[in-house]
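Participant: Here is how the chains run, residue by residue.
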Amino acid sequence: MLAYALRRIVIFVPTLFIALTLIFVLTRLLPGSPVATLLGGQSVNAAKIEEVSRQLGYDRPILVQYVEWLPRILSGSLGQSLFFTKPVAEVLLQRLPVTLSLTVLALLVTIAIGIPLGIWSAVRRGSLLDYSANVLSSLGMALPPFWLGFVLILVVAVALKWLPSSGYRPIEIGIWPWLSRMILPTIALSLSQIGLIVRMTRSTMLEVLETEYVGMARAKGMPERIVIIRHALRNAMVQIITAIGLLYALGLGGSVIIEQVFALPGLGELITTAAIRRDYATLEGGIFYLTLTALLVNLVVDLAYAYFNPRVRLA
Amino acid sequence: MISDASAVLTASPVLDVRDLTIAFRHRAGPVQVVRGVDLSVGHGEIVGLVGESGSGKSIFARAILGTLPRQAEVLEGKIAFSGSDLRRVPPSEVRQLRGDRMALVPQEPMTSLNPALRIGRQLTEVLEVHRPEIGSAARTARAIEMLDLVGVNLPGERLAQYPHQLSGGLRQRVAIAMALICGRVELLIADEPTTALDVTIQAQILDLFVRLQEQQRMSVLLITHDLGVIAQTAQRVAVMYAGELVEVAGVNELFAMPHHPYTRGLLDSLPRGGNAARKSHLPSIEGTVPSPAAPRQGCAFADRCAFRVDICGRRAPMLEATTSGRSVRCHRWQELADRFACRDAVT
Ligand code: SF4
Numbered sequence: 001m002l003a004y005a006l007r008r009i010v011i012f013v014p015t016l017f018i019a020l021t022l023i024f025v026l027t028r029l030l031p032g033s034p035v036a037t038l039l040g041g042q043s044v045n046a047a048k049i050e051e052v053s054r055q056l057g058y059d060r061p062i063l064v065q066y067v068e069w070l071p072r073i074l075s076g077s078l079g080q081s082l083f084f085t086k087p088v089a090e091v092l093l094q095r096l097p098v099t100l101s102l103t104v105l106a107l108l109v110t111i112a113i114g115i116p117l118g119i120w121s122a123v124r125r126g127s128l129l130d131y132s133a134n135v136l137s138s139l140g141m142a143l144p145p146f147w148l149g150f151v152l153i154l155v156v157a158v159a160l161k162w163l164p165s166s167g168y169r170p171i172e173i174g175i176w177p178w179l180s181r182m183i184l185p186t187i188a189l190s191l192s193q194i195g196l197i198v199r200m201t202r203s204t205m206l207e208v209l210e211t212e213y214v215g216m217a218r219a220k221g222m223p224e225r226i227v228i229i230r231h232a233l234r235n236a237m238v239q240i241i242t243a244i245g246l247l248y249a250l251g252l253g254g255s256v257i258i259e260q261v262f263a264l265p266g267l268g269e270l271i272t273t274a275a276i277r278r279d280y281a282t283l284e285g286g287i288f289y290l291t292l293t294a295l296l297v298n299l300v301v302d303l304a305y306a307y308f309n310p311r312v313r314l315a
Numbered sequence: 316m317i318s319d320a321s322a323v324l325t326a327s328p329v330l331d332v333r334d335l336t337i338a339f340r341h342r343a344g345p346v347q348v349v350r351g352v353d354l355s356v357g358h359g360e361i362v363g364l365v366g367e368s369g370s371g372k373s374i375f376a377r378a379i380l381g382t383l384p385r386q387a388e389v390l391e392g393k394i395a396f397s398g399s400d401l402r403r404v405p406p407s408e409v410r411q412l413r414g415d416r417m418a419l420v421p422q423e424p425m426t427s428l429n430p431a432l433r434i435g436r437q438l439t440e441v442l443e444v445h446r447p448e449i450g451s452a453a454r455t456a457r458a459i460e461m462l463d464l465v466g467v468n469l470p471g472e473r474l475a476q477y478p479h480q481l482s483g484g485l486r487q488r489v490a491i492a493m494a495l496i497c498g499r500v501e502l503l504i505a506d507e508p509t510t511a512l513d514v515t516i517q518a519q520i521l522d523l524f525v526r527l528q529e530q531q532r533m534s535v536l537l538i539t540h541d542l543g544v545i546a547q548t549a550q551r552v553a554v555m556y557a558g559e560l561v562e563v564a565g566v567n568e569l570f571a572m573p574h575h576p577y578t579r580g581l582l583d584s585l586p587r588g589g590n591a592a593r594k595s596h597l598p599s600i601e602g603t604v605p606s607p608a609a610p611r612q613g614c615a616f617a618d619r620c621a622f623r624v625d626i627c628g629r630r631a632p633m634l635e636a637t638t639s640g641r642s643v644r645c646h647r648w649q650e651l652a653d654r655f656a657c658r659d660a661v662t
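One line per chain: the protein sequences are A and B, in this order.
Position 38 of the first sequence, counted from 1, bears residue number 38 in my numbering, the numbering being contiguous throughout.
Position 193 of the second sequence, counted from 1, bears residue number 508 in my numbering, the numbering being contiguous throughout.
FYI, nobody ran anything at the bench for these hints, they're computed from the structure.
Model, not experiment: these values are computed from the prediction.
We put the beta carbon where it would ideally sit given N, CA and C, even for glycine.
The reader is advised that the hints may include incorrect statements.
[Stated by the list, open to error] Covered, in the sense of this in silico footprint (three residues per stretch, anywhere, with C-beta under 8 Å from a C-beta of chain A), are these stretches of chain B:
1. 407-415
2. 441-455
3. 476-485
Working from the sequences, and respecting the hints, build out all of it.
Facilitator: Structure follows, in structure tokens:
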């Protein structure tokens with residue numbers, strides 16, 4: 001297990017490097033320049049743009065910029081935002097808890113509801129429950145999260161006045177002020193994820209329940225509860241776990257929109273604004289943070305994968 | 316002549332199946348895969364059930380164990396185990412019999428052990444469920460003892476291993492240990508226990524089977540497509556074709572003088588002189604088992620039978636008892652028996 005964990009961590013390094021390179025290249029590929037946006041209000045002339053570009057170093061060859069940029073971002077100093085009068089790292093650290101709250105809560109809710117529901121539909125296949133779960137998960141996947149967000153705001157926050165409609169309170173202020181503002185966005189974000197994991201769990205469980213070792217567990221007289229949890233689910237988890245890593249990445253994508261809908265000052269909201277303004281430093285830093293969380297979640301997923309799969313663990 | 320097989324039969328068999336019919340549910344209606352099978356296994360007896368794949372023999376075994384797949388159901392018949400009709404016993408009680416008083420040795424040791432659980436866990440959980448009074452240390456000790464009994468080397472270390480770390484032969488030994496671990500098995504059902512193994516391991520496992528059967532005084536239903544396996548182990552043989560028994564006889568009688576043309580075909584395709592390498596060159600019976608869904612008229616074997624006559628296609632033969640205590644399902648068995656007896660006398 002230790003050897004496997006070390007190997008995964010070592011692989012983490014080149015993955016991060018590739019991700020960073022992609023972030024840099026894709027950001028610079030955006031049409032338009034930050035300088036033009038920065039000077040947007042003023043009557044711009046070419047000479048002025050050139051001058052500011054030189055000051056900011058954007059006139060140098062892209063490779064030189066890259067070589068300079070890479071060690072800087074790795075050391076955590078992400079540079080100065082062109083638009084905020086603060087270092088990018090500071091802005092990001094303020095925003096990170098918001099996005100993490102949203103995506104991690106959504107993932108936990110997804111796992112807590114989706115996996116049991118999927119198991120249940122598989123075990124009771126063809127039953128009313130299986131049928132309802134199927135309809136619900138199709139619905140969850142078909143409804144766009146932002147629309148769901150609007151409906152939740154209109155019904156739960158505006159009409160029923162049960163929960164606040166938007167904004168964010170740090171958890172330090174109190175669990176409830178924080179949680180009450182996270183509930184609706186979490187529901188909006190997790191519903192489509194739940195649909196996905198229910199289907200994934202169901203089909204994997206159905207497959208595993210047909211295997212000979214599950215038949216053997218029954219032939220040994222194991223009670224059905226043990227057959228399902230110890231014999232079937234343990235093996236199904238190998239595949240379900242993989243889906244969870246993917247789900248988190250999807251959730252990060254979804255969070256960008258959900259943060260807009262619920263006016264949550266998270267990374268997604270920041271990145272959108274930074275992209276529009278061509279604020280390279282903020283944009284790259286924000287995506288770097290998102291990538292980092294996704295990679296970390298996938299690292300955890302890989303380790304959990306090994307836990308459920310002795311063939312991987314002992315290889 | 317009294318066969319030595321009948322000597323071990325006692326008044327109440329361990330397993331007594333009567334008129335068992337099993338069907339798969341299908342959109343077009345139920346499809347019968349086992350048709351009116353009568354079969355009993357006496358105390359301490361090894362009965363072979365022979366048939367090609369698709370003959371219904373594995374489904375028959377699963378019906379006895381009460382682990383039929385969802386799509387299958389018993390339509391008719393009685394499955395008496397130690398006197399009680401399992402079809403009338405609640406499923407939870409049948410479950411408690413499984414792994415304790417009746418056990419299964421599976422076909423594929425490669426796929427029938429759980430890949431995610433340690434060998435030790437897979438052994439001790441059987442005791443946990445059926446013998447809750449045994450403490451955890453004693454369970455482990457028992458697991459080691461069983462592995463040792465079935466000839467697994469380093470039994471203590473195996474407990475911590477996973478199935479993928481073991482060879483096929485070792486896995487099958489583990490599966491046998493798993494079946495016997497409760498120590499109260501009355502009926503062992505072995506479904507092709509050696510098919511997935513190579514020839515030398517096959518022989519070792521069969522030896523182990525016979526030895527354990529004598530030691531533990533249990534009854535065995537040995538399901539296989541290989542009459543060679545039967546010859547080495549069983550006392551009585553039932554031959555199944557397309558869901559029906561076509562011949563039942565003591566093993567010596569059957570090998571000496573098969574009555575049914577299908578049995579004859581199976582015997583002809585056996586390698587002589589134990590040369591297993593020649594197996595692939597031997598003639599096998601042409602054609603395949605008819606689909607259970609196909610409409611049936613007359614003898615199920617008619618399409619492949621070299622002795623087929625007019626009546627075979629019109630009227631289905633019944634399973635007839637012969638004077639020597641055997642049964643056979645063929646219109647012409649008597650006539651053929653006489654003819655082959657003459658020929659054998661000449662040669
Ligand atoms: S009944 Fe006819 S077709 Fe069937 S096995 Fe006998 S001879 Fe062959």
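Participant: If a hint holds in the structure, say so; if it does not, say that too.
Facilitator: The hints, checked one at a time:
Against chain A, the segment 407-415 of chain B contributes 6 residues with a C-beta closer than 8 Å to a partner C-beta. That satisfies the three-residue criterion, and the hint holds. For the segment 441-455 of chain B, the proposed coverage by chain A is satisfied: 3 residues have a C-beta within less than 8 Å of a C-beta in that chain, meeting the threshold of three. Check on the segment 476-485 of chain B: 3 of its residues sit with their Cβ under 8 Å from a Cβ of chain A, so the three-residue criterion for coverage holds.
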